[in-house]
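Enquirer: Build out the structure end to end from the sequences listed, making use of the hints.
Chains as they are written, first to last, in the numbering used here: chain A, 1 to 262; chain B, 1 to 262; chain C, 1 to 262; chain D, 1 to 262.
Hints should not be assumed to be uniformly reliable.
Copies of the same chain are indistinguishable here, so a pair counts whether it falls within one copy or spans any two.
[What the hints assert, rightly or not] Below 27 Å or equal to it, Euclidean Cα-Cα: the simulated BS3-like pairs (lysine-lysine) are:
| hint | residue 1 | residue 2 |
| --- | --- | --- |
| 1 | K138 | K236 |
| 2 | K88 | K13 |
| 3 | K152 | K225 |
| 4 | K169 | K232 |
| 5 | K138 | K83 |
| 6 | K122 | K73 |
| 7 | K187 | K83 |
| 8 | K73 | K167 |
| 9 | K236 | K167 |
| 10 | K140 | K73 |
| 11 | K122 | K20 |
| 12 | K13 | K83 |
| 13 | K160 | K124 |
| 14 | K152 | K138 |
| 15 | K124 | K20 |
| 16 | K13 | K122 |
| 17 | K90 | K232 |
| 18 | K81 | K13 |
| 19 | K229 | K73 |
| 20 | K91 | K140 |
| 21 | K92 | K138 |
| 22 | K122 | K55 |
What the hints contain is simulated information worked out from the structure, not anything from laboratory work.
Number of protein chains: 4
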Amino acid sequence: MQFTGGKKGVRMKETVIIEKNRVEMNEPILLVGLPGIGLIGQILCKYMVDELGGKLIAELYSPHFPHQVLMTKRGRLRLIKNKCYTIKTKKKDLLVLLGDVQAPTSEAQYEIAGMVLDFCEKNKVSEIVTIGGYRTGKLKKKKRIFGSSNNKRSIELFKKRGVIFGKSKGAIVGIAGLLPALAGLRKIPGVCLMGETHGDYVDIDSAENILSMLSEYLGFEIDLKKMRKEAKVREKIIKKIEEEIQKEMVLPQKTKDISYIR
Amino acid sequence: MQFTGGKKGVRMKETVIIEKNRVEMNEPILLVGLPGIGLIGQILCKYMVDELGGKLIAELYSPHFPHQVLMTKRGRLRLIKNKCYTIKTKKKDLLVLLGDVQAPTSEAQYEIAGMVLDFCEKNKVSEIVTIGGYRTGKLKKKKRIFGSSNNKRSIELFKKRGVIFGKSKGAIVGIAGLLPALAGLRKIPGVCLMGETHGDYVDIDSAENILSMLSEYLGFEIDLKKMRKEAKVREKIIKKIEEEIQKEMVLPQKTKDISYIR
Amino acid sequence: MQFTGGKKGVRMKETVIIEKNRVEMNEPILLVGLPGIGLIGQILCKYMVDELGGKLIAELYSPHFPHQVLMTKRGRLRLIKNKCYTIKTKKKDLLVLLGDVQAPTSEAQYEIAGMVLDFCEKNKVSEIVTIGGYRTGKLKKKKRIFGSSNNKRSIELFKKRGVIFGKSKGAIVGIAGLLPALAGLRKIPGVCLMGETHGDYVDIDSAENILSMLSEYLGFEIDLKKMRKEAKVREKIIKKIEEEIQKEMVLPQKTKDISYIR
Amino acid sequence: MQFTGGKKGVRMKETVIIEKNRVEMNEPILLVGLPGIGLIGQILCKYMVDELGGKLIAELYSPHFPHQVLMTKRGRLRLIKNKCYTIKTKKKDLLVLLGDVQAPTSEAQYEIAGMVLDFCEKNKVSEIVTIGGYRTGKLKKKKRIFGSSNNKRSIELFKKRGVIFGKSKGAIVGIAGLLPALAGLRKIPGVCLMGETHGDYVDIDSAENILSMLSEYLGFEIDLKKMRKEAKVREKIIKKIEEEIQKEMVLPQKTKDISYIR
Chain A
1 MQFTGGKKGV RMKETVIIEK NRVEMNEPIL LVGLPGIGLI GQILCKYMVD
51 ELGGKLIAEL YSPHFPHQVL MTKRGRLRLI KNKCYTIKTK KKDLLVLLGD
101 VQAPTSEAQY EIAGMVLDFC EKNKVSEIVT IGGYRTGKLK KKKRIFGSSN
151 NKRSIELFKK RGVIFGKSKG AIVGIAGLLP ALAGLRKIPG VCLMGETHGD
201 YVDIDSAENI LSMLSEYLGF EIDLKKMRKE AKVREKIIKK IEEEIQKEMV
251 LPQKTKDISY IR
Chain B
1 MQFTGGKKGV RMKETVIIEK NRVEMNEPIL LVGLPGIGLI GQILCKYMVD
51 ELGGKLIAEL YSPHFPHQVL MTKRGRLRLI KNKCYTIKTK KKDLLVLLGD
101 VQAPTSEAQY EIAGMVLDFC EKNKVSEIVT IGGYRTGKLK KKKRIFGSSN
151 NKRSIELFKK RGVIFGKSKG AIVGIAGLLP ALAGLRKIPG VCLMGETHGD
201 YVDIDSAENI LSMLSEYLGF EIDLKKMRKE AKVREKIIKK IEEEIQKEMV
251 LPQKTKDISY IR
Chain C
1 MQFTGGKKGV RMKETVIIEK NRVEMNEPIL LVGLPGIGLI GQILCKYMVD
51 ELGGKLIAEL YSPHFPHQVL MTKRGRLRLI KNKCYTIKTK KKDLLVLLGD
101 VQAPTSEAQY EIAGMVLDFC EKNKVSEIVT IGGYRTGKLK KKKRIFGSSN
151 NKRSIELFKK RGVIFGKSKG AIVGIAGLLP ALAGLRKIPG VCLMGETHGD
201 YVDIDSAENI LSMLSEYLGF EIDLKKMRKE AKVREKIIKK IEEEIQKEMV
251 LPQKTKDISY IR
Chain D
1 MQFTGGKKGV RMKETVIIEK NRVEMNEPIL LVGLPGIGLI GQILCKYMVD
51 ELGGKLIAEL YSPHFPHQVL MTKRGRLRLI KNKCYTIKTK KKDLLVLLGD
101 VQAPTSEAQY EIAGMVLDFC EKNKVSEIVT IGGYRTGKLK KKKRIFGSSN
151 NKRSIELFKK RGVIFGKSKG AIVGIAGLLP ALAGLRKIPG VCLMGETHGD
201 YVDIDSAENI LSMLSEYLGF EIDLKKMRKE AKVREKIIKK IEEEIQKEMV
251 LPQKTKDISY IR
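Expert: As structure tokens, this is what we get:
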């Protein structure tokens with residue numbers, strides 16, 4: 001007898017979003033900070049969630065993420081994932097998407113972006129703001145914010161806050177560009193904000209810069225003092241985890257090359 | 001609760017064609033010029049669209065295209081795509097397919113070719129003419145046009161216009177060969193025209209050569225004078241964009257290698 | 001006429017589990033030992049099946065496994081596969097999963113893990129215990145057992161048996177981590193046990209170590225004396241097969257590179 | 001309006017077999033000779049089709065084959081494909097599968113093997129005989145035939161004809177091993193015959209050797225005299241085509257690396 005398995009979704013043949021808590025939201029704005037140049041988006045979003053009391057509402061898992069599982073200090077297994085939090089501020093309801101990784105292939109990036117946009121439509125997201133880094137290879141004191149958007153109105157609104165449009169060129173790699181661009185096909189306003197940064201270093205200044213502007217734009221208050229301290233602690237933790245993940249990623253591969261089948 | 005998303009097409013799990021404008025056409029001929037050897041097809045098709053007033057009727061997006069988004073001078077985000085224009089000439093209705101890229105894998109090339117052929121059938125396309133380059137590694141003054149076709153009749157018709165059949169050997173890589181070959185399985189006549197070219201340079205002469213022949217074959221008039229000038233301007237723009245895209249493509253990769261998971 | 005084939009499952013477009021024998025089981029515990037660091041899990045599971053009279057109940061085939069077929073001494077062809085045995089002990093019913101390979105990509109690992117979990121649900125598996133190696137790069141006399149789990153209760157139970165939780169860091173690559181982590185999403189308790197090992201050698205001591213602990217935990221008796229002898233015999237066989245597989249894997253590739261199309 | 005295409009099969013998202021002619025057959029035997037070590041199977045099968053008047057009954061196309069199209073001497077485009085012929089001999093009806101390439105990935109090999117087996121079932125194939133090469137790295141005068149089978153009876157029958165079973169070790173890569181092994185899951189008898197060969201050269205002797213044995217086994221007569229001559233002519237043609245395909249395969253790739261997006 002051939003057993004070909006049960007429900008397709010559960011087998012995780014494609015990206016899934018698992019909803020954890022149900023929160024009433026009023027046309028929320030989605031902020032996205034996934035790993036990228038200078039870790040700017042990730043630092044910013046994690047700080048917002050911590051500082052403003054974000055509540056976890058959904059987790060995104062994908063078979064396109066590395067087939068690794070992280071070991072926590074408490075002895076628990078943690079799947080690699082992205083997470084979505086909700087933050088209720090005075091003026092706006094926010095959704096914040098952050099996580100361990102971005103998917104490594106085009107097909108996976110499109111699939112995940114599409115799944116996130118479906119989730120946005122379900123939750124009546126009114127605007128998507130992704131945060132990334134704009135690599136210059138230079139160390140500058142004053143760090144500009146560059147933007148690129150899928151609609152004219154957003155360009156005007158962010159220009160008023162000092163964001164520079166049309167001066168940055170080339171291509172945005174990954175979800176920070178793909179998500180607002182694909183959102184355009186669904187008529188959801190979207191913008192990608194990029195903090196100017198060297199590119200080889202984690203850039204807390206640039207994250208702070210964008211967060212400060214966003215707090216004005218979205219009308220929420222946030223204490224930026226702890227950002228530097230917390231980010232530095234997190235940076236150390238991240239680097240340590242990374243080193244160990246790298247070690248694990250390299251070594252079994254080596255073994256596998258020598259003796260693939262046992 | 002598990003949320004596995006909405007409509008499949010919108011999530012772009014496969015190539016999609018989004019129709020923009022509806023134009024009545026009478027058994028149009030499809031011309032295809034996507035990036036390839038010497039940029040011959042792309043230059044030719046872009047010039048035709050500009051010069052003869054092509055009207056955008058459809059855009060093709062694919063999850064197999066690079067997961068990058070281009071930033072425009074106006075501060076807008078632009079997905080990587082192929083575009084289909086319609087041109088009404090005195091004798092024939094034309095469809096022209098051009099775009100930013102070709103897909104990088106076999107599976108994606110077959111999928112896109114199949115999607116384009118479905119679109120052709122829907123629009124009752126009567127003939128498919130793809131334009132590419134035939135690399136010789138030599139710089140020649142007189143540049144021949146080579147052809148290969150899925151049917152005898154097209155061979156005869158193009159031979160009369162000086163196209164050389166059966167002398168070129170080997171394989172045609174990508175959509176320029178795949179599209180007319182697959183069209184044969186659907187009984188749509190198709191031919192691939194290849195301009196002789198060195199291969200390492202953009203070849204405006206060879207594009208002009210083919211365009212001149214095609215204008216006679218298809219019975220439309222086109223002023224070739226501006227071609228050289230416009231192509232050179234475009235070449236510069238393309239090179240500049242390419243450099244910046246390359247920069248973006250290389251650098252995040254480097255970062256990713258060092259620290260895949262954050 | 002186009003013939004696009006028959007039943008999807010049979011065409012093996014995805015992983016399939018083929019059930020061989022039907023055995024009544026009472027909430028069995030699944031032990032998993034697939035090829036990995038130090039071959040610890042595989043040696044342990046194979047020895048249990050041999051020594052305790054495991055009965056083959058299912059075979060797992062996957063199109064993601066290498067497209068190679070092994071030749072047996074009897075002149076038979078053997079597909080690369082994983083196998084599932086059942087062992088009835090005094091206290092518990094056990095399922096044991098072992099096999100030739102692990103799948104090489106993330107997508108395949110998630111698919112196979114999902115399929116195995118479906119199979120677990122069908123057979124009312126009450127707990128999943130995967131066995132792997134924890135690479136230290138050092139040769140030690142006393143070899144610790146590290147663990148990571150998807151639930152608190154398992155951590156407590158295995159801590160009592162000397163398993164160390166929360167001290168190992170980094171990531172577990174492959175099915176040993178993925179299976180219990182994904183099991184958590186289905187509310188099936190799961191734990192990954194890792195024997196401390198150098199990493200470059202087959203480690204029978206470490207396998208014996210874990211097996212001894214497991215026999216107490218699960219309440220079955222097993223004679224460990226033959227383990228060393230049998231494992232060494234098997235190690236030789238495995239190495240010989242590996243060498244020949246490697247030879248086959250490398251050479252046709254070389255030929256293919258030189259002359260891809262014939 | 002979104003246009004996501006028409007019939008799935010036609011879009012060639014997976015391997016398709018297109019039936020060309022309908023021939024009544026009585027439980028035919030399938031012989032398979034696709035490109036592999038020493039080109040033994042391919043030379044043998046092509047010679048049989050030519051010499052015994054094989055009739056083309058089906059073509060197999062796959063999106064996993066290279067996205068290249070061959071240019072013929074007559075100026076025609078030829079998709080890369082496999083072909084199935086039928087040969088009616090005095091005693092048995094034969095099906096012969098040969099072609100340009102084998103698919104490059106595991107998933108594609110399994111998909112194609114599955115599709116061919118569906119086709120076998122439809123045509124009530126009673127036995128599958130694949131022909132490959134067994135690489136020794138040595139130049140020998142007397143060339144043995146090695147075999148591996150999915151059933152005992154075939155082993156006995158071929159042993160009587162001098163085929164050696166159980167002495168060859170390691171793994172068979174590709175369709176020659178995968179097809180009879182997967183056939184076993186469908187209860188179709190299958191055997192892989194491997195001609196002993198150096199491995200770096202086209203081996204007509206070894207092909208002749210197997211063909212001679214097969215003609216006795218299957219009870220058909222074939223004149224082997226022309227084999228050497230025809231095979232040498234074909235070898236030259238193949239090499240020439242290969243060189244040109246290689247040229248095409250390498251060069252556009254180089255261009256693409258330099259300027260991916262235009």
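Enquirer: Run every hint past the structure and note whether it holds.
Expert: Now the hints, each set against the structure:
1. K138 with K236: both (23 Å within a copy, 26 Å between copies)
2. K88 with K13: Answer is neither: 34 Å inside a copy and 33 Å across each miss the 27 Å cutoff.
3. K152 with K225: neither (34 Å within a copy, 36 Å between copies)
4. K169 with K232: Between copies only: 20 Å across, 31 Å inside.
5. K138 with K83: neither (32 Å within a copy, 37 Å between copies)
6. K122 with K73: The answer is neither: 36 Å in one copy and 33 Å across copies each exceed 27 Å.
7. K187 with K83: both (24 Å within a copy, 20 Å between copies)
8. K73 with K167: between (45 Å within a copy, 7 Å between copies)
9. K236 with K167: between (34 Å within a copy, 18 Å between copies)
10. K140 with K73: Between. Shortest inter-copy distance 24 Å satisfies the 27 Å Cα cut-off; intra-copy 38 Å does not.
11. K122 with K20: both (15 Å within a copy, 25 Å between copies)
12. K13 with K83: both (19 Å within a copy, 22 Å between copies)
13. K160 with K124: within (26 Å within a copy, 50 Å between copies)
14. K152 with K138: Classified as neither: same-chain Cα gap 30 Å, cross-chain 48 Å, threshold 27 Å.
15. K124 with K20: both (18 Å within a copy, 25 Å between copies)
16. K13 with K122: Both, since 22 Å and 19 Å are each at most 27 Å.
17. K90 with K232: neither (29 Å within a copy, 55 Å between copies)
18. K81 with K13: Answer is both; intra-copy 15 Å and inter-copy 20 Å each pass.
19. K229 with K73: within (22 Å within a copy, 38 Å between copies)
20. K91 with K140: neither (34 Å within a copy, 60 Å between copies)
21. K92 with K138: Classified as neither: same-chain Cα gap 36 Å, cross-chain 55 Å, threshold 27 Å.
22. K122 with K55: within (18 Å within a copy, 35 Å between copies)
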